[in-house]
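Enquirer: Using the hints, position chain S against chain U.
Given next are the chains, with one letter for each unit.
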Amino acid sequence: MIEMARDTKPVSLATRAVAAALFFAVSLALAPVLRADDSARAKALSKKVMCMCGGCNDTAGTCNHTGGAFSGPCDTAKAMQKEVSQRVDRGDSDDLILQSFVQEYGPTVLPDPPKKGFTSLVWIAPVVAPLIALFLIWEVVRRWRRRVALAPAGGPAIPPELLDRARKEASRHSDE
Amino acid sequence: MDIFGSFALLLAFLATVYAFVAGIVGILTRRTLLAKSARNAGMAVFGLITLAVASLEYFFFTDDFSLAYVAAHSNHALPIYYKFSALWAGQEGSLLWWSWLLSIYVFFALFLNRKKHPELMPYVGVTLAGVQTFFLILNNFVASPFHVLASADSAGVMHMARLSEGSGLNPLLQYPEMVIHPPMLYLGYTGFTIPFAFALAALLGRYPGEKWIHITRRWTMVAWCFQGIGVLLGAHWAYAVLGWGGYWAWDPVENAALLPWITGTAFLHSVMMQEKRGMMRVWNVWLVFITFMLCILGTSLTRTGIVSSVHAFAESSIGGWFFGFLAIVFVVCLAAWYKNRDYLRSDNQLDSLVSRESSFLFNNLILLAACFAVLWGTLFPVLSEWVTGNKISVGPPFFNKVNVPIALFLLFLTGVGPLLAWRKTSTDALKRNFAWPLAGGLLAGGAGFAFGFRSFYPLVCLILSAFVTLTIFSEFYRGARVIASRDGSNLLSAVGELTMRNTRRYGGYVVHFAMVLIFVGIAGSAFNQDIQKELKVGQSLTIGPYTILCQNFDQPSTDNYQSERATLEVFRNGHSQMMLYPERRLFLASQVTETIVANESTPVHDLYVVYAGRSPDTNLPVIHAYLNPLVKWIWFGGIVMVLGTCLAMIPDRRPAMVLRPATERPWSDTIARRAGGSPAASPVTSSPIRKSGPHD
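Protein chains in written order, with this note's numbering: chain U, 1 to 176; chain S, 1001 to 1696.
The hints are all genuine.
Derived DSS-like pairs (lysine-lysine); straight-line CA-CA distance at most 27 Å:
id	chain 1	residue 1	chain 2	residue 2
1	S	K1391	U	K116
2	U	K82	U	K48
3	S	K1391	U	K43
4	S	K1339	U	K168
5	S	K1632	U	K43
6	S	K1116	U	K168
7	S	K1391	S	K1401
8	S	K1401	U	K47
Covered stretches of chain U (chain S as the covering partner; in silico rule of three or more C-beta atoms under 8 Å from a C-beta of chain S):
id	segment
9	109–116
10	128–139
Just so you know, these hints were derived from the structure itself, not from any lab. The beta-carbon is built from N, C-alpha and C at its ideal position, and this holds for glycine as well.
In isolation and in its complexed conformation, chain U is listed as follows (with noise of 0.2 Å):
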């Protein structure tokens, strides 16, 4: 009975907004997506492979540490840059490009470590660290769920020591 006087009840102006916000949202995500030309293939493809130049952490399309002419972009990353347009320009595919920089420079190169064997890991360990955490809270959580479902509900008589914990945190919450 109770279920049916809550399935009854009027929907809310909110709700409704809320329903239809979403509903604009959702039909506005059927649009077409725009394709990348030749030099926008080339910048993405700098951003994939990384600067040799051995002081930096910056791939070839981000350098931003002084080197050889000017600051910004070092003379390595300039040169792997010129690389990759000259190869998008002769046509050649993505992972044709990034494979020779790795026959040139070895796995070093790639900004993404490759997904095999140890370097796997790198992946593995982001996703595998938080969901273990989770897991782990997730037990604590129980552990403290049982514990308020275990908590006397009250009698005739209180221990001392109850009262004791439950004047500071009275205390605690006047505190702040």
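Expert: Just chain S, lined up with the frame of chain U:
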């Protein structure tokens, strides 16, 4: 003068060792006088290091290049304010600077508490002296800034040498922000020592209750705020000076500065669990331990060269000292915790999963996940090389991929968490609190989409930003409305009144709003455009709505540098808007070139133009123009963050409740009733004797 400085530094070392040893003996033998003497020694260290700093500055200001450090980082032509900041331009000086800032904190922590907490303070003094000792060992024996230049003659006799000119300050550091960025960041790094020392002291001395958290709350916020300012100033400097059109590259040293800020944020939130509910005592202690250790790790990353970074000082053998110190800190923390872990036992209870408590648990989980991901990515190349022997790179794309979803979830919690009540939130309250903000967020998302936002993450960020902003404003509005209707005041003054009654809560909201601004600014980077083109005089390039016409190239020069400069006229819709003068300077003393970016910044976007030198093929000047949307929001968010933090540190204004007739309901209950069961409605927190604000 060099003898004066190094002697002061040596005395400081002896004083801090005395503070450490006498402090321990005082605690063990329970001699109050000895403990007091140790405390005074700890405070004296500040004066002694000040003398050392002053003496080093004297060398800089008098252009005395007999010290190796001064000769390496200054020259006659250097402007006077950069002579001041040259103090921390290198390894030795910056470590001295570190020690000095730490000694300021130590002095004030000991001085302000000299008549309080007599059981706790000796332990605090010992901990602080321990940390100070480590840095003074470095200052005195490992990286002294007072090394004189000397050379041996043919007979092998050493003679002091005084150079007539120094090699000058790195021009990248000749920028106003570089005068304030390192002090801010270091004030953050060193500031976390105070909560760390109090936490360890409370644990070692088994100091009862949540007192250490109350004592250190403002200290932690100060350190946290400085760290945040330091990180943002660093980002702004990278943007304004380096000329690559970006502000954050996930460089190991940027990451290192971010890490303690993240765990500090987690700590600032989770202490509320302990204060209000007595929960998470172990967690909080460890959180502050970790934060401190990350501060030490952060500063060591800059100095040891174990990870490649644009920031790194020259590689040196100092790494062993840092890692040794880290190991000692870890062992001490572990032992203190193990020995006294029963003292931290807390009465954790969770009444409902939909509650403030669980939102804080999530907040901590997400912040720690972000911290772990950044730390893991930063150190993984080292780990990988150690395990497999192969060097690999973990570049910016990794950090973006991992951290963007984490950050967005955090933004979501920023909106949800504060509106959940302690203990339990009813479904009705959930609907009432969230319906409108959620609707607003989705509408903003829809509107964004209609205006051409197509990327997933920026769209989510827009929705969440609108959602969080609306929840914050609705909190202010609902609280203020109640006060306004009761006092008959206008809404604006009621907002002020509300804020001043619970500065911590409403200051916190202001900081949350600052984070929204920063998130919006960062999301703008998804729409960055840039174009690079060789330009002859009279030619132009087009980016976004702007056309940039090249008017002239010239070579203005001064005593300090030679320069190449472009004069560009910017048109929008055919109308001339402004002139820009991007420049490239060659600094004569150091023979280093630097880009002077021409950046026209508005709240909508930055038109950021770089003179990128001459093309090696055609010898024509190359202009690189960027159009970066919303960047200004990040810096503005930083200012709001500082204001919010300051607000949260002001003591609450207590309402004058005594004057009211006894029959009237307490105002907190009234507000709770009118606001309709917002968090204040929870049975535990509404009480006639409450001193704090309406929805605490």
